[in-house]
Amino acid sequence: LTSLRANIDTLARHPNLDPETRSRVVEDLDSEARELTALTEELLNLVTEQQDSELARTCDLAEVLKRAVDRASRRSDHQYSLVAEPFLLEAREGRLLRAVGNLLENAAKFSPAGSAIEIRESGGVITVRDHGVGFTPSDIPSVFRRFYRSDSARALPGSGLGLAIVAQVAEECGGEVSAQNAEDGGAIMTFILKDRPAAETDRSGAAREGSHGER
Numbered sequence: 001l002t003s004l005r006a007n008i009d010t011l012a013r014h015p016n017l018d019p020e021t022r023s024r025v026v027e028d029l030d031s032e033a034r035e036l037t038a039l040t041e042e043l044l045n046l047v048t049e050q051q052d053s054e055l056a057r058t059c060d061l062a063e064v065l066k067r068a069v070d071r072a073s074r075r076s077d078h079q080y081s082l083v084a085e086p087f088l089l090e091a092r093e094g095r096l097l098r099a100v101g102n103l104l105e106n107a108a109k110f111s112p113a114g115s116a117i118e119i120r121e122s123g124g125v126i127t128v129r130d131h132g133v134g135f136t137p138s139d140i141p142s143v144f145r146r147f148y149r150s151d152s153a154r155a156l157p158g159s160g161l162g163l164a165i166v167a168q169v170a171e172e173c174g175g176e177v178s179a180q181n182a183e184d185g186g187a188i189m190t191f192i193l194k195d196r197p198a199a200e201t202d203r204s205g206a207a208r209e210g211s212h213g214e215r
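Okay, so the sequence shown: first residue is 1 according to the working numbering, each after it adds one.
Because the hints were derived from the structure by calculation, they are not lab data. Built from N, CA and C at the ideal position, the CB exists for glycine as well. It cannot be assumed that every hint is accurate.
[What the hints assert, rightly or not] DSS-like mimics (lysine-lysine), calculated; alpha carbons at most 30 Å apart, straight line:
hint: 1; residue 1: 66; residue 2: 194
hint: 2; residue 1: 66; residue 2: 109
hint: 3; residue 1: 194; residue 2: 109
[As the list claims (entries may be wrong)] Each pair of labels, with its calculated beta carbon distance range:
hint: 4; residue 1: 74; residue 2: 123; range: 27 to 33 Å
hint: 5; residue 1: 18; residue 2: 178; range: 37 to 43 Å
hint: 6; residue 1: 26; residue 2: 112; range: 28 to 34 Å
hint: 7; residue 1: 122; residue 2: 70; range: 36 to 42 Å
hint: 8; residue 1: 27; residue 2: 123; range: 44 to 50 Å
hint: 9; residue 1: 115; residue 2: 140; range: 19 to 25 Å
hint: 10; residue 1: 37; residue 2: 16; range: 28 to 34 Å
hint: 11; residue 1: 30; residue 2: 58; range: 41 to 47 Å
hint: 12; residue 1: 30; residue 2: 125; range: 29 to 35 Å
hint: 13; residue 1: 90; residue 2: 24; range: 50 to 56 Å
hint: 14; residue 1: 176; residue 2: 17; range: 48 to 54 Å
hint: 15; residue 1: 145; residue 2: 57; range: 29 to 35 Å
hint: 16; residue 1: 77; residue 2: 136; range: 23 to 29 Å
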């Protein structure tokens with residue numbers, strides 16, 4: 001908001017700015033307005049989803065993951081690959097889809113354009129692996145806190161709420177979420193769902209495999 005007000009003040013005080021400077025200020029205003037909109041939406045989602053009337057129902061985690069990867073692949077040029085086993089559980093599907101989407105969005109944000117993002121799921125344990133900058137040791141204990149933003153994230157758009165929502169959904173499902181660095185670079189997010197899996201889950205089928213990326 002401070003930056004937004006400063007740019008508005010610049011336009012008001014200097015009506016005769018040269019076109020290049022004016023264009024740059026307007027671009028900054030647009031970027032700041034978009035970021036404020038995103039923050040407001042994240043806050044509303046956090047509040048309304050706590051009171052969400054969506055009922056838990058049996059859903060297939062592999063199908064939720066496929067939908068999340070399909071969405072993510074339409075929004076970025078990263079190379080997504082998914083391997084997932086059928087796993088039935090009781091959950092609010094919309095909330096679960098949003099949590100997985102937030103993990104994918106976070107991985108894309110901190111990865112080079114066009115790089116690989118690997119999603120694996122087995123027995124209700126999801127891992128999202130990217131090939132980006134990874135975490136500093138001091139970041140790892142805090143990445144799932146509300147409004148936390150690492151030093152490397154401060155120059156990027158974001159509200160600091162996306163991963164907090166992931167942690168909230170994991171807790172609702174009786175699970176947990178964690179972050180770590182991969183040995184050869186990049187980050188790994190692990191999302192464990194411990195809610196009641198349906199006894200009739202068919203594990204005899206082949207693992208679901210797919211790849212998504214540049215289109």
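Hint check:
1. 66 - 194: Distance of about 20 Å is within 30 Å: holds.
2. 66 - 109: holds (20 Å)
3. 194 - 109: Between residue 194 and residue 109 the Cα gap is close to 28 Å, so the pair holds against 30 Å.
4. 74 - 123: 27 to 33 Å: Given a distance of about 29 Å, which is inside 27 to 33 Å, the answer is holds.
5. 18 - 178: 37 to 43 Å: Once the Cβ atoms are compared, 51 Å apart, the range 37 to 43 Å for residue 178 and residue 18 is violated.
6. 26 - 112: 28 to 34 Å: Hint holds: Cβ distance 29 Å, inside 28 to 34 Å.
7. 122 - 70: 36 to 42 Å: 20 Å Cβ-Cβ, so the 36 to 42 Å window is violated.
8. 27 - 123: 44 to 50 Å: Cβ of residue 27 to Cβ of residue 123: about 47 Å, so the range 44 to 50 Å holds.
9. 115 - 140: 19 to 25 Å: For residue 140 against residue 115, whose Cβ atoms are near 21 Å apart, the range 19 to 25 Å holds.
10. 37 - 16: 28 to 34 Å: holds (30 Å)
11. 30 - 58: 41 to 47 Å: holds (44 Å)
12. 30 - 125: 29 to 35 Å: Cβ of residue 30 to Cβ of residue 125: about 41 Å, so the range 29 to 35 Å is violated.
13. 90 - 24: 50 to 56 Å: At 52 Å between Cβs, range holds.
14. 176 - 17: 48 to 54 Å: holds (52 Å)
15. 145 - 57: 29 to 35 Å: holds (30 Å)
16. 77 - 136: 23 to 29 Å: For residue 77 and residue 136 the Cβ distance comes to about 26 Å; the hint holds.
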